[in-house]
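Given the sequences, and given the hints that come with them, work out the whole structure.
There are 2 protein chains.
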Amino acid sequence: MAVNSIRDKVAVIGMGCTRFGEHWDKSADDLLIEAAYEAFADAGIEPSDVDAAWLGTQLSGFAGISLSGPLKTNFIPVTRVENYCATGSDAFRNACYAVASGAYDIVLAIGVEKLKDSGYSGLSNLRPVGDGTFPDITAPASFSFLAPAYFKKYGLDPAQGKEVLAKIAYKNHYNGSLNPKAQYQRIVSLEDIVQSPIVSEPLGVMDCSGVSDGAAAAIIVRSEDAHKYTKNPMFVKALSIAAGPGDGQLQQNFDFTSIRENAYAAASAYKQAGITNPRKEIDLAEVHDCFTPTELIIYEDLGFSERGQGWKDVLNGSFELTGDLPVNPDGGLKSFGHPIGASGLRMLYELFLQFKGDAGGRQLNNPKIGLTHNLGGTPWQCVSFISVVGKFLS
Amino acid sequence: MAVNSIRDKVAVIGMGCTRFGEHWDKSADDLLIEAAYEAFADAGIEPSDVDAAWLGTQLSGFAGISLSGPLKTNFIPVTRVENYCATGSDAFRNACYAVASGAYDIVLAIGVEKLKDSGYSGLSNLRPVGDGTFPDITAPASFSFLAPAYFKKYGLDPAQGKEVLAKIAYKNHYNGSLNPKAQYQRIVSLEDIVQSPIVSEPLGVMDCSGVSDGAAAAIIVRSEDAHKYTKNPMFVKALSIAAGPGDGQLQQNFDFTSIRENAYAAASAYKQAGITNPRKEIDLAEVHDCFTPTELIIYEDLGFSERGQGWKDVLNGSFELTGDLPVNPDGGLKSFGHPIGASGLRMLYELFLQFKGDAGGRQLNNPKIGLTHNLGGTPWQCVSFISVVGKFLS
Numbered sequence: 274m275a276v277n278s279i280r281d282k283v284a285v286i287g288m289g290c291t292r293f294g295e296h297w298d299k300s301a302d303d304l305l306i307e308a309a310y311e312a313f314a315d316a317g318i319e320p321s322d323v324d325a326a327w328l329g330t331q332l333s334g335f336a337g338i339s340l341s342g343p344l345k346t347n348f349i350p351v352t353r354v355e356n357y358c359a360t361g362s363d364a365f366r367n368a369c370y371a372v373a374s375g376a377y378d379i380v381l382a383i384g385v386e387k388l389k390d391s392g393y394s395g396l397s398n399l400r401p402v403g404d405g406t407f408p409d410i411t412a413p414a415s416f417s418f419l420a421p422a423y424f425k426k427y428g429l430d431p432a433q434g435k436e437v438l439a440k441i442a443y444k445n446h447y448n449g450s451l452n453p454k455a456q457y458q459r460i461v462s463l464e465d466i467v468q469s470p471i472v473s474e475p476l477g478v479m480d481c482s483g484v485s486d487g488a489a490a491a492i493i494v495r496s497e498d499a500h501k502y503t504k505n506p507m508f509v510k511a512l513s514i515a516a517g518p519g520d521g522q523l524q525q526n527f528d529f530t531s532i533r534e535n536a537y538a539a540a541s542a543y544k545q546a547g548i549t550n551p552r553k554e555i556d557l558a559e560v561h562d563c564f565t566p567t568e569l570i571i572y573e574d575l576g577f578s579e580r581g582q583g584w585k586d587v588l589n590g591s592f593e594l595t596g597d598l599p600v601n602p603d604g605g606l607k608s609f610g611h612p613i614g615a616s617g618l619r620m621l622y623e624l625f626l627q628f629k630g631d632a633g634g635r636q637l638n639n640p641k642i643g644l645t646h647n648l649g650g651t652p653w654q655c656v657s658f659i660s661v662v663g664k665f666l667s
Numbered sequence: 274m275a276v277n278s279i280r281d282k283v284a285v286i287g288m289g290c291t292r293f294g295e296h297w298d299k300s301a302d303d304l305l306i307e308a309a310y311e312a313f314a315d316a317g318i319e320p321s322d323v324d325a326a327w328l329g330t331q332l333s334g335f336a337g338i339s340l341s342g343p344l345k346t347n348f349i350p351v352t353r354v355e356n357y358c359a360t361g362s363d364a365f366r367n368a369c370y371a372v373a374s375g376a377y378d379i380v381l382a383i384g385v386e387k388l389k390d391s392g393y394s395g396l397s398n399l400r401p402v403g404d405g406t407f408p409d410i411t412a413p414a415s416f417s418f419l420a421p422a423y424f425k426k427y428g429l430d431p432a433q434g435k436e437v438l439a440k441i442a443y444k445n446h447y448n449g450s451l452n453p454k455a456q457y458q459r460i461v462s463l464e465d466i467v468q469s470p471i472v473s474e475p476l477g478v479m480d481c482s483g484v485s486d487g488a489a490a491a492i493i494v495r496s497e498d499a500h501k502y503t504k505n506p507m508f509v510k511a512l513s514i515a516a517g518p519g520d521g522q523l524q525q526n527f528d529f530t531s532i533r534e535n536a537y538a539a540a541s542a543y544k545q546a547g548i549t550n551p552r553k554e555i556d557l558a559e560v561h562d563c564f565t566p567t568e569l570i571i572y573e574d575l576g577f578s579e580r581g582q583g584w585k586d587v588l589n590g591s592f593e594l595t596g597d598l599p600v601n602p603d604g605g606l607k608s609f610g611h612p613i614g615a616s617g618l619r620m621l622y623e624l625f626l627q628f629k630g631d632a633g634g635r636q637l638n639n640p641k642i643g644l645t646h647n648l649g650g651t652p653w654q655c656v657s658f659i660s661v662v663g664k665f666l667s
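Line by line, the protein sequences are chains A and B.
The first sequence runs 274 to 667 under this note's numbering.
The second sequence runs 274 to 667 under this note's numbering.
Read the hints as simulated data drawn from the structure, not as lab findings.
Do not rely on the hints blindly, as some may be mistaken.
Each pair may be met inside one copy or between any two copies, as identical chains are not told apart.
List of simulated lysine-lysine pairs, DSS-like, C-alpha gap at most 30 Å [to be verified]:
1) 426 / 345
2) 544 / 345
3) 501 / 629
Note that this is a predicted model, so its numbers are computed, not measured.
See below:
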């Protein structure tokens, strides 16, 4: 299998992001328009400058028409991409390839979901539940397996384990309290997190991300054109996505302390970006904290922590805003909810703000290399996406 | 708006296609495996040689997992693309951009639909019917408007008009009678077509394409690598897709004798491919004959016939296998049905066979340039896709 790269071939020149939350007064179309026009203004382009677009949505629309209609685009190409929880990220990835190929000069990648209208119910409409494709257990249940497996393997008693998970939730809510676009903008006490009602043992409500609506958008050009538009382009160093064959649960040695797709996606991304020591070389990361144990496992799958050391790095604050590798500085899925098509682009939006120095109370000290990560599916079969982006050409 | 091109940058080196039909004894997974392994064998590659894949499906799966599971791929990237009836074509288009960008060396584009399991019902599950996004009339009804509008504008009386439409259906069924992969492999008499029960006036059952299951697949590499794999690569000259803003039905001058998205897609494709006289320069075309008047309108929208002349070209046999520009030589949607994600790749499969001289009783005399066309949506708002492919580098 070849691992090539479009490293430094394309750049983001403008982004937009709605506030995430329960937008009862807005449609998916409204959210798309808000995010797109913020991105157009940010990039200093007119809507008519866009040559082609990629729409990421899982439940809030069908086909390119779901974007060309609300934006009233002038018969340009629009592709809908869907890839579970990596939907928005994969829309961005395909848009980047199209620009890198030379087919287009300026493109829009945008993601949206109106989960408060659809719920997650659409997911089970298209294939019968129980045919093996889509798990017939809930998302919290499937990810809850990670926690006791990790605790047992690395010798944490249940109370210690709950404390580690609570610190992850606390960190992300703290970061979200500094973010005017987050769904939840408040600090939640460790006690409230640990005591929260159980959803799927040992996960409480506060170990789970919420349900929200939102949209986020990026304008992408080839790197050599980027400085025509902005002083602060964000260059794409690596794009990877791994889709699992789904044989994990059939294997005796699948122990629920690692998600194989994460490791494959990370290996490919680091090779593309030339990263050999992710903990040192990456300055900040936005990862898929759908549930607190997911974030814990991700630290290790992505090489931020050695195996079995992630929980110690949590307790010593490594991934906090003041740590050596801040993770989810914007508040993560924990503070934003997870409107599926929007999440990946929301993560990139935070990196774009951080690189520009526009992250307000969350601003880090001059970060230069960032990572985004999504995963969709279950721990034993998922798609795992990673982008590495940077402030400068290398 | 820039119209750039990846002309001659990528090539198809192998393809596969299931028989289309009512596959009650097969799942979507079975069809994917059959099409993919035919393509692997045709290209002379191992499944493990594939670097990344694009899956086109509208109703028969979610996310990349719907392909990585059945094919048991080794954690490679898999993207699901959905774009109404251009779903399979747009999966192919995105796969081509990724190869052209240099990100991958060998990729798979594959499309599938098990319509006999799902029906079209999934379409209305995700957005409420009547919100303007998805029309609250049936597909035959929305396309039926084309026929009387065309007849009136160009002075055909209803009987003449029905005869023209019937000749299109007759041609496609005749071609399908020569194709072992078609759903329907029989000649249907003009009388049976004209007399078929009305579905939506003036369209009878035999003016409509059927409902079927199927899958089709392509292996794509950069053009400079193509001859390592095959003596007969098929080179991509142009890829275009136009998504409409949906304001057609609001305009007084929208007269239902042209589909604007077709014209935009054609203009872009011809510019990319350097085609100035499509009727002369294109040797064969596979177009989206969802209903007979759609094919009639397409002749004119794509410049195969002058405005108002398409019906005369039908009557004089221009688009038959023996005509100067054979259209739907494989039998079209009329003979294959329209398993949504599969159709665009099924069209490319016919061109691939024709270029290799492997089209059996349908074989044309050494065709060199071909076109595929899909449209999805309604005459007043759709996505329209066009590819131009060729036997040789230009």
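Q) Are there hints from earlier that the structure breaks, and if so, what are their numbers? A) none
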